[in-house]
Amino acid sequence: MTTPSTHLREDLDSVVIRFAGDSGDGMQLTGSQFTAATALMGNDLATFPDYPAEIRAPAGTTYGVSGFQIHFASIDIMTPGDAPDVLVAMNPAALKVNLDTLKRGGLCVVNTGAFTKGNLKKAGLEANPLEDGSLDPYRVLALDITKMTLEAVKEYGLGAKDGQRCKNMWTLGLMFWLFGRDRQPTVDWLKQKFKKKPVLADANIAALNAGHIYGESAEMPSGIGTYQVPRAELAPGRYRNIEGNQATAWGLVYGAKLAGLEVFYGSYPITPASSLLHHLAKLKHFGVTTFQAEDEIAAVCASVGASYGGQLGVTGTSGPGVALKAEAIGLAIGVELPLVVCDVQRGGPSTGMPTKTEQSDLLQAMWGRNGDAPLAVLAAATPGDCFYMAIEAVRIATKYMTPVILLTDGYLANGAEPWQIPDLSQFEPFPVNFRTDPEGFHPFVRDEDTLARAWAVPGTPELMHRIGGLEKHHDSGHISYDPNNHHKMTKVREAKIAGIQKDLPDAKVHLGEDSGELAVVGWGSTYGAIHQAVEQVRASGKRVSHVHLRHLSPFPPNLAALLSRFDEVMVPEMNNGMLDKVLRAEFGINAQGYNKISGQPFYIGELVAAIEARLAGKNPNQMYDAHGSAHGAEA
Amino acid sequence: MTENPKLTRKDFASDQEVRWCPGCGDYAILAAVQRTLPKVGASLEKTVVISGIGCSSRFPYYMSTYGFHTIHGRAPAFATGHKLANPEVDVWVVTGDGDGLSIGGNHLLHLLRRNVNLQIMLFNNQIYGLTKGQYSPTSTVGKVTPSSPLGSVDQPVVPVRFALGAGAKFVARGYDVSKKLGDVLEASYRFQGTGFVEILQNCPVFNDGIFELITDRKTGPAYQLWLEHGKPMVFGKNSDKGVRFNQATFSLEVVDLGGDITEADLLVHDETNRTLAFLLADMPNVVALGVLFREEGPVYDESVRTQRKLAEDKFGTPDFEALMRSGHTWTVS
Ligand SMILES: Cc1ncc(C[n+]2csc(CCOP(=O)(O)OP(=O)(O)O)c2C)c(N)n1
Ligand code: SF4
Ligand SMILES: [Mg+2]
Chain V
1 MTTPSTHLRE
11 DLDSVVIRFA
21 GDSGDGMQLT
31 GSQFTAATAL
41 MGNDLATFPD
51 YPAEIRAPAG
61 TTYGVSGFQI
71 HFASIDIMTP
81 GDAPDVLVAM
91 NPAALKVNLD
101 TLKRGGLCVV
111 NTGAFTKGNL
121 KKAGLEANPL
131 EDGSLDPYRV
141 LALDITKMTL
151 EAVKEYGLGA
161 KDGQRCKNMW
171 TLGLMFWLFG
181 RDRQPTVDWL
191 KQKFKKKPVL
201 ADANIAALNA
211 GHIYGESAEM
221 PSGIGTYQVP
231 RAELAPGRYR
241 NIEGNQATAW
251 GLVYGAKLAG
261 LEVFYGSYPI
271 TPASSLLHHL
281 AKLKHFGVTT
291 FQAEDEIAAV
301 CASVGASYGG
311 QLGVTGTSGP
321 GVALKAEAIG
331 LAIGVELPLV
341 VCDVQRGGPS
351 TGMPTKTEQS
361 DLLQAMWGRN
371 GDAPLAVLAA
381 ATPGDCFYMA
391 IEAVRIATKY
401 MTPVILLTDG
411 YLANGAEPWQ
421 IPDLSQFEPF
431 PVNFRTDPEG
441 FHPFVRDEDT
451 LARAWAVPGT
461 PELMHRIGGL
471 EKHHDSGHIS
481 YDPNNHHKMT
491 KVREAKIAGI
501 QKDLPDAKVH
511 LGEDSGELAV
521 VGWGSTYGAI
531 HQAVEQVRAS
541 GKRVSHVHLR
551 HLSPFPPNLA
561 ALLSRFDEVM
571 VPEMNNGMLD
581 KVLRAEFGIN
591 AQGYNKISGQ
601 PFYIGELVAA
611 IEARLAGKNP
621 NQMYDAHGSA
631 HGAEA
Chain X
1 MTENPKLTRK
11 DFASDQEVRW
21 CPGCGDYAIL
31 AAVQRTLPKV
41 GASLEKTVVI
51 SGIGCSSRFP
61 YYMSTYGFHT
71 IHGRAPAFAT
81 GHKLANPEVD
91 VWVVTGDGDG
101 LSIGGNHLLH
111 LLRRNVNLQI
121 MLFNNQIYGL
131 TKGQYSPTST
141 VGKVTPSSPL
151 GSVDQPVVPV
161 RFALGAGAKF
171 VARGYDVSKK
181 LGDVLEASYR
191 FQGTGFVEIL
201 QNCPVFNDGI
211 FELITDRKTG
221 PAYQLWLEHG
231 KPMVFGKNSD
241 KGVRFNQATF
251 SLEVVDLGGD
261 ITEADLLVHD
271 ETNRTLAFLL
281 ADMPNVVALG
291 VLFREEGPVY
301 DESVRTQRKL
311 AEDKFGTPDF
321 EALMRSGHTW
331 TVS
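Just so you know, the protein sequences line up as chains V and X, in that order. Letter 376 of the first sequence, counting from 1, is numbered 376 in our numbering, and no numbers are missing. Letter 73 of the second sequence, counting from 1, is numbered 73 in our numbering, and no numbers are missing.
Hints in this document: simulated from the structure, not taken from any laboratory. Fair warning: there could be bad hints in the mix.
Unchecked claim - Example chain X residues on the side facing chain V (calculated, C-beta under 8 Å, incomplete):
1) K46
2) A77
3) H229
Note that CB positions come from ideal geometry on N, CA and C, so glycine has one too.
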């Protein structure tokens with residue numbers, strides 16, 4: 001029995017699609033075009049690009065598989081979804097790597113043209129999964145996409161290689177048809193992208209159309225129809241898609257504007273932070289200077305040198321780079337100059353898993369320096385939140401003359417979400433007042449309220465002074481080895497950072513009551529998954545609340561009191577237990593971690609299972625530790 | 001920079017007690033800098049001295065200008081950032097042979113190749129002074145120190161050759177007690193780009209007398225080859241020695257003038273010739289002093305500013321609202 005393709009579209013609340021193929025198959029482009037089209041349909045969405053570690057892994061291998069997951073819905077969603085409803089597998093390796101994540105009964109679109117003996121072997125498959133029954137639990141749409149693409153682009157006279165390259169657009173065309181998305185934005189984008197080679201634009205557009213026409217006209221196997229996902233009810237306003245690093249870059253630029261400063265961004269390329277440098281390098285006309293330094297040490301040092309010169313010194317990197325910058329960050333703490341350090345975390349230790357996400361730099365950010373060297377630490381919760389937290393980082397750095405570490409991670413950096421373009425009038429400017437008055441000046445005269453020292457920029461008449469890493473006398477700024485003075489200065493540096501707390505909003509209970517059986521406390525990119533997991537558990541009547549921290553040093557003023565009103569505190573983190581340690585140490589409460597250290601974000605299902613286990617008095621970590629892999633994805 | 005006749009050497013000295021060991025060559029260098037700055041018309045508020053860590057790097061504390069004593073080896077990076085952010089000021093970098101060529105060798109390389117508009121003085125005492133006398137990257141083979149009781153086996157680096165190799169566009173050498181040090185510093189100051197000056201410096205405590213033959217008033221003239229662009233390479237107390245190019249060995253050799261060798265046989269200094277500068281960098285029996293190499297070229301901080309100006313001209317007044325609305329956007333009502 002076949003389904004006529006003209007049937008009415010079936011309504012779905014939410015769909016998760018995973019595009020997977022060889023690194024050379026253009027899956028990231030396919031994913032981002034599907035994302036753009038989906039945003040225009042008014043769906044809420046979240047994406048998760050899952051890059052292979054190698055830039056050009058040998059074709060057809062499992063470690064060369066590149067994935068892009070998108071979750072879109074008519075309801076409010078916050079994560080790229082757990083198990084996909086649809087898997088698009090462009091070759092055997094992509095199928096092998098991703099099949100067991102696909103929901104049972106889910107739709108599997110496979111390009112049979114890539115299922116050659118050679119490719120099966122490269123993927124390490126003994127038998128052909130198209131024939132050995134592996135796909136029986138799923139609905140399968142097996143098509144020779146390679147052949148149909150070559151057919152569609154024949155008239156453009158491309159070589160076999162360029163012709164084959166169009167198969168991602170063919171697939172996209174088919175997916176657009178399945179989910180009723182508009183092709184025009186992609187057509188426009190292709191024309192722009194291949195402006196200099198119009199024949200490639202035409203061929204890709206032909207492939208896109210051919211995929212769509214295939215869907216319209218071919219007889220689909222039973223159980224495969226077309227779907228629509230109605231608009232989500234988002235708050236009214238103007239929206240765009242935004243990725244975390246882009247939001248951070250914009251936040252830095254706008255934060256500097258609020259402070260009345262220019263931005264100096266010193267950086268050394270490192271995954272997943274490099275795109276911060278790329279974004280900022282394009283914004284020179286916004287008063288941004290970018291400096292690609294010879295290493296991370298030079299990058300941070302140049303930024304501190306720029307701060308001494310009256311600009312906003314910013315440096316961005318990932319965990320290994322933060323390790324290299326530690327000494328210079330310590331100097332910035334000692335000489336009390338503003339500095340924003342963006343740490344886009346990735347799997348560690350050492351080089352670890354560069355393309356995978358993790359939250360394992362929290363303790364490094366808080367304490368990873370010699371001496372008593374406190375600073376402010378912030379964390380963004382979503383890609384769009386990076387914008388707000390970058391502004392907050394600039395505010396704290398300039399108001400308190402201190403380094404601030406802003407923690408994001410690979411998942412936020414590359415993940416996209418629809419973002420309501422903020423009304424800029426909501427931001428109060430926080431202009432910097434450079435010191436110009438010589439009366440009573442020395443470099444360590446402090447503002448009584450904030451304890452920030454005076455910021456006097458070289459070039460200013462009559463304020464000549466010397467600063468450096470040697471301990472300074474509290475009342476002159478001159479070098480001092482006086483024991484009491486060192487004690488005093490250490491206490492002042494501590495009090496200055498601790499005093500920021502007065503200036504912070506209270507920790508919010510994002511879901512649930514402000515007391516109860518269990519507080520699930522998160523920070524950073526786990527926001528969406530924790531939120532939705534807590535929501536599900538609460539639906540069964542449990543007294544569980546979600547608290548999410550964006551200020552980690554110092555903590556929000558009410559945090560101790562808030563957490564003390566819960567019987568227990570559970571801290572899910574994508575690391576081996578960090579915030580739970582800090583909460584235990586700071587507040588003496590019994591905070592327990594739930595830890596996933598796989599380089600992958602939390603699934604909602606596994607968090608639901610973990611929270612329920614915790615409520616039942618069990619240790620949820622045993623689920624991971626025993627199996628070493630994510631379970632409960634379908635819960 | 002306008003000439004400011006009112007300032008004197010004393011105006012550039014801070015009120016801090018200088019804490020180098022008695023007899024340290026750093027005193028003479030400090031004095032030379034404090035003499036030179038009023039002469040070139042520098043002002044106190046527009047002068048910034050940036051140093052790393054080491055005895056030499058205490059320098060900024062003794063100047064009444066702006067100063068930043070940073071961390072070990074990284075002064076070139078701080079200075080680059082500062083100059084980019086604050087182009088109106090004159091930046092002087094102070095570093096040592098350990099600071100600049102060991103821990104900070106990488107940054108020095110990149111500062112020099114970029115040609116940032118600042119001056120860098122490398123105090124070379126061929127020893128780690130501040131940490132009490134270990135051998136440094138410029139120490140000679142066989143140097144006995146607490147960390148090399150049987151003598152160092154490290155091959156030394158020649159600072160000016162390193163600088164030339166890094167692509168530096170101004171490379172000069174002087175020594176601490178030299179009367180001409182001020183002239184060399186002035187030349188580095190007048191140069192548009194990175195002015196690299198190696199200063200041979202005596203450390204009487206941990207490496208006393210290593211340059212004595214060169215710097216001593218009596219023996220010195222026989223070892224000092226002061227270079228002048230366009231002039232034949234003559235030296236010696238009675239101008240009785242010269243430097244000649246030996247074609248057979250492709251190297252420089254010292255010859256005695258008189259007899260059948262005349263000034264016409266000597267090399268004429270051409271400071272725009274990098275190959276010649278390499279040969280001059282490390283000659284046996286004589287030390288080339290003054291400006292070894294000078295070549296005008298693109299200045300990094302200017303290029304960076306030019307690019308920013310281009311972007312500003314191209315994109316016009318920055319409009320943050322428009323930036324956020326660029327690309328695909330949609331309205332939810
Ligand atoms: C990161 C770091 N490593 C080591 C030191 C110790 N240290 C201070 S100065 C110095 C060597 C200085 O030698 P040089 O640059 O030649 O300066 P000098 O004291 O001879 O003028 C060392 C190893 C330090 N301060 N910081
Ligand atoms: S140890 Fe040597 S270099 Fe350092 S101050 Fe004393 S004499 Fe000068
Ligand atoms: Mg030394």
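Hint validity - A77 of chain X Cβ closer than 8 Å to any chain V Cβ: Result: holds, 4 Å to nearest chain V Cβ.
Hint validity - K46 of chain X Cβ closer than 8 Å to any chain V Cβ: holds, 6 Å
When the least beta-carbon distance from H229 of chain X to chain V is tested against 8 Å, hint result: violated, 32 Å
Of the numbered hints listed earlier, the single one contradicted by the structure is hint 3.
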